[in-house]
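As a plain string of letters, each chain reads:
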Amino acid sequence: MALLEIDRITKRFGGLIAVNDVSFDVDTGEIVSMIGPNGAGKTTAFNCVTGLYPLSAGDVRFQGVSLVGMPPHRITALGITRTFQNIRLFSYMTAVDNVMVGEHCRMHAKVWDDLLHTRKARTEERQVEARALAILRRLGLERYADVYARNLPYGLQRRLEIARALASGPTLLLLDEPAAGLNPNEKVELMGVISKLRDTGLTIFLIEHDMRVVMGISDRIVVLDYGEKIAEGSPKEVRENPRVIDAYLGSGASAGMRTA
Amino acid sequence: MRDVDIAEPQARVDIPETAAQTKRVENAAVFWLLVCAGLLVAVLAWLLPWFVEQTASGVGHSPMDVIISSPTGVGWVAVWVMGLCLLALIAGLAYDAFAVRTGRARPFLYSRVRAGIALLGALCVLLILLLVTTRAELVFGDTSPDALIDNAVWMMLTGFLLVAFAYGLRPWVLTHGGLAFTAAAFAIGGLFPLIFNQSPGFVVWGAQSAGIYVLLALGLNVVVGFAGLLDLGYAAFFAIGAYSTASLASGTHGIHLPFWTLIFIGAAVAGLFGAILGAPTLRLRGDYLAIVTLGFGEIVPDMAKNNLFGKTGGPNGLSGVDSPAFPLHAHPWYDFGIFGANPRPYYWFILVLIAGVVVLLRNVERSRLGRAWVAIREDEVAASATGINTVSTKLLAFAIGAAVSGFAGAFFGAMLGTVTADNFEFAVSVTALTTVVLGGIGNITGVVVGAVLVSFVIFWVLPELQGWMGTVGSNVGIPALGNVQYSDYKFVVYGVILVSIMLLRPSGLLPSRARKVELETGTESEPLAAVQERA
Chain R
1 MALLEIDRIT
11 KRFGGLIAVN
21 DVSFDVDTGE
31 IVSMIGPNGA
41 GKTTAFNCVT
51 GLYPLSAGDV
61 RFQGVSLVGM
71 PPHRITALGI
81 TRTFQNIRLF
91 SYMTAVDNVM
101 VGEHCRMHAK
111 VWDDLLHTRK
121 ARTEERQVEA
131 RALAILRRLG
141 LERYADVYAR
151 NLPYGLQRRL
161 EIARALASGP
171 TLLLLDEPAA
181 GLNPNEKVEL
191 MGVISKLRDT
201 GLTIFLIEHD
211 MRVVMGISDR
221 IVVLDYGEKI
231 AEGSPKEVRE
241 NPRVIDAYLG
251 SGASAGMRTA
Chain Z
1001 MRDVDIAEPQ
1011 ARVDIPETAA
1021 QTKRVENAAV
1031 FWLLVCAGLL
1041 VAVLAWLLPW
1051 FVEQTASGVG
1061 HSPMDVIISS
1071 PTGVGWVAVW
1081 VMGLCLLALI
1091 AGLAYDAFAV
1101 RTGRARPFLY
1111 SRVRAGIALL
1121 GALCVLLILL
1131 LVTTRAELVF
1141 GDTSPDALID
1151 NAVWMMLTGF
1161 LLVAFAYGLR
1171 PWVLTHGGLA
1181 FTAAAFAIGG
1191 LFPLIFNQSP
1201 GFVVWGAQSA
1211 GIYVLLALGL
1221 NVVVGFAGLL
1231 DLGYAAFFAI
1241 GAYSTASLAS
1251 GTHGIHLPFW
1261 TLIFIGAAVA
1271 GLFGAILGAP
1281 TLRLRGDYLA
1291 IVTLGFGEIV
1301 PDMAKNNLFG
1311 KTGGPNGLSG
1321 VDSPAFPLHA
1331 HPWYDFGIFG
1341 ANPRPYYWFI
1351 LVLIAGVVVL
1361 LRNVERSRLG
1371 RAWVAIREDE
1381 VAASATGINT
1391 VSTKLLAFAI
1401 GAAVSGFAGA
1411 FFGAMLGTVT
1421 ADNFEFAVSV
1431 TALTTVVLGG
1441 IGNITGVVVG
1451 AVLVSFVIFW
1461 VLPELQGWMG
1471 TVGSNVGIPA
1481 LGNVQYSDYK
1491 FVVYGVILVS
1501 IMLLRPSGLL
1511 PSRARKVELE
1521 TGTESEPLAA
1531 VQERA
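Chains as they are written, first to last, in my numbering: chain R, 1 to 260; chain Z, 1001 to 1535.
Do not take every clue at face value.
Just so you have them, the derived chain Z footprint on chain R, three or more residues with Cβ under 8 Å [to be verified]: (1) 65-71; (2) 89-103; (3) 116-127; (4) 217-225.
Hints in this document: simulated from the structure, not taken from any laboratory. C-beta: ideal position from N, C-alpha, C; glycine also.
Chain Z on its own, in the form it takes in the complex:
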């Protein structure tokens, strides 16, 4: 039955036979992702105070110190039970790995016991939350003066809940991977500003870097992942969205439209330009397409920098962009004021925006248009002969992808208050593409994960590293560690990410299975225009 494969290039991947099989593999990936993310958060929480906060003995705090110093009481018991549950789950993980490796069957009761432990731990976490919020009980000792310990403790709880969720409900996660991931991602995403209550800087990162790059990755994924058109100038549409907002809501031109209409105007303008700039590239594919889009990516910020029609403010850009206000601003009953400098409303707003975009893109992915994109990606000539209008379908991919980054741009302009061409240089396109490649081209869950990871490393870890290394350096006696500008090495990080992902997992962390096989064995698609032109 598989004799056809003999003639084909040796596939390095096991190709699933059916869509149901693909689903199983993807769900398993989501399960591992949740477990790993939970453990990672817990470990980071453990390490966080050690890095940053010196004690008298020269070494930093750990959450352990905090727990030991806490007063005994109901909360104290809950903390210890939760800790024991976490250890039990980690032990269970090791046992699982052992059982899988040796092919041994697990006892029947095992999964129920595991679910029970996870549930117990989760109940403890809820109890702790309840005690802390309602009775202001000092479960962890005197946490409030020390911002980082507070963060670390909440991170521990989050990490535990995540592991407990994935691990305790493993059978359910393995059948409802997408739902499980969405629930976990939005629960943690929504609580993010509360978990990091003490570090507004991190919430700013969440809104301004992680949120923006998740949107950019989602949009770029439509063009690169769904329709298979490599776009290296994606930042151009981001810029167009941001400049549209900035010129329609600032003192520069004396126009002050409300943010809630502007964000759609920004998306619409960017989408329009997506289609306009997409049109000349329709006959191209692969490297040639990449080069043309690269050109657009350079042209657009340059035109802005050269003060296009005297409207874009030249190198200084446009400043004084209006801060968004809640929709019913100035209404006597529900005036929540304007967003201003508080990062939280921005953060929650971009989370809602991401949720909306994800819902829309999920819909498209499973619809007539989504199928047409995949068909064009796989074989443009056959798609055209099957009745798909390749021109309009590709333009729609460019337009929808650009509109998503238009949202991001409009938001970005309003949040920063200033829009300059420097914000949209080539590095932005590279970052967006790196996030898509890392996360898994064509997989919405994957690119979201990729965007969060990349922006965490590039826009949080690297800038903060100097401070952390300063502490570590003075502890271990190499103060020179604190004198390095780690942010200068961001392109090294891109390089390392791209090279290692290509070597180790060419289709990304959470690959779309079809794209995975395409990437590793190649497709034979050539553009319709090339076939027609040769004729």
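Next comes chain R alone, as it looks inside the complex:
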């Protein structure tokens, strides 16, 4: 059984079919990338997995449990967290507070613990803060713990979003265009971060446009075009797939390349 099974999912917005009958699996310990031209339905598929959009048809199973109809926070509690394409940090919270929000669903303090500041709440708060600082250190952000998220440079904001996602202790991490807007140096660093995360046993499923990043780190690539899956396989297989080349460069391009 795969870690994440995406089983014939369809998502319609009125007459528009954004994701059409897409199925694939993500196995434990893999780095799987999803690529495709703009508007191919990649982010929509992500939103369907994380519960932001209700599915029109199909099923998503995580460790065998169906996620259909589950609210986003329960999906996070099960062990799937994500980042967003347009960074969605809590801008006016400090970096460490952002990460501490990420640990929300792993905390046990009840309302009255918070109101009365009981020993349980206090010790938990201390532990959570220590863990948050440890995560920041792991991602090289400890210097910025006290800085408001909106004041961080763009590249570090992306990294902080990953830190926040890691805080809930996920088994599957969904990254929506983590390299968008980064400079070449930051992209290399990001690839390092992602493969280091995989080495700690995390499974990673990402959307990315930057082919150097995708080809460099992915074990497997899923290609979407107009909401449909047109290819799946290793980076090498996908690179040579004529349908993928057509989708990216226009129909006939693959034929042209073959003859050239």
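Based on these hints, arrange chain Z on the given structure of chain R.
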């Protein structure tokens, strides 16, 4: 490093980089608040007798007259030394402003001299207090027959102590702003009935208007400030708290529960209704949420007025509510009797209630739940994807906010002895919201200050203004000044406060820094439900 900002709307505020910086700015604000409040109290004390009390020459007394007429002695020296210290501190303030403006460095000894002057003045104040209370020395001449002069003198002392505290201990205040404010606020709050010993009416104001509105502002701040949910019908929960008390402790239904359990029942019932009424609004935000809550705010008092289930007494409301008794009432050893008509026990009780609520809300603000509220306020979709249950978290904000006003309502019912629907009309919600906006949305210290200021202007100055203006009018020869019903203009005052605060300081007097930037640059948060529904 800041190149990202170019794409964003031009921020009109300087945004602090770190939380430590925010803390510094907030502490500085507290320092200025204490200094200004102290000076304001001293100036008011100076003006007070002039307004109200005519002398033979047609102009009123001033504390100066009183001091000059006092018999010479140790107390007399203390009064003069204190006065000189006050003048020295005011001069120091001017020097400070000058030094800051011109960027000049202040001499090294300066802050120590200032602390010394403040300490000296404070010692004089203590000496005066000691002489007056223990030896009944007539430091200020014959003060006891004239209530207002007595009040004015005590106000002068309080104002001086406040300025001396803030100014003398400036370095400490600038590092421990919150603690300094709390200490000053509760010291003055606790002594309030003694300072205004001669005007029980003002103590009634303190308990019934200032105290109630501080509680309402604290509760509304949870909903509007922490969780970012605009609530225009907050008076509904106040009403629910008051009606629960009134029906469980009066002759109307023949139930007489003790006040000390009732106040928690009132809070619990209001909190429950907060969650029930909050539930249908979960998918809404901003204007839409405001309109729905506005509706609730109208519905609840109307249902009470229409004698709901024959239990709410219709337009006459519920009367004959039991007066609270001290917890060990009827115990042979410690019977302190019932509160009755004396405003002081009510005042001190509501002060304790406020202290408790502030402690609880401070705790929540810095906890798991408080962080979740801020996260939802800033970006609901991200909060939900990060693992926050947005439904229960928002409902908790509504419930906790409503429970605080339930406390206020239960207290209000017991103090007035009568609960009618007219006490909970829209104006109450508007006043509560004005206090929160004026004080600084999301900042506990700020909303407390805002509530005291607003209730002072609306519920003390306006009703009294007619009398004062009568005196002034007859002094300056325009008796018509005394014929205006100034209370009728209370909505003009709300309007002026709201418009000027929006123009001059949109985030309130003591803003929470994060809220300040949000208010002035806007956030992009949209409700999770809207995202899910569009899908």
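Now the hints, each set against the structure:
| no. | hint | verdict |
| --- | --- | --- |
| 1 | 65-71 | violated (count 1) |
| 2 | 89-103 | holds (count 10) |
| 3 | 116-127 | holds (count 5) |
| 4 | 217-225 | violated (count 0) |
Violated hints, in rising order: 1, 4; the structure is consistent with all others.
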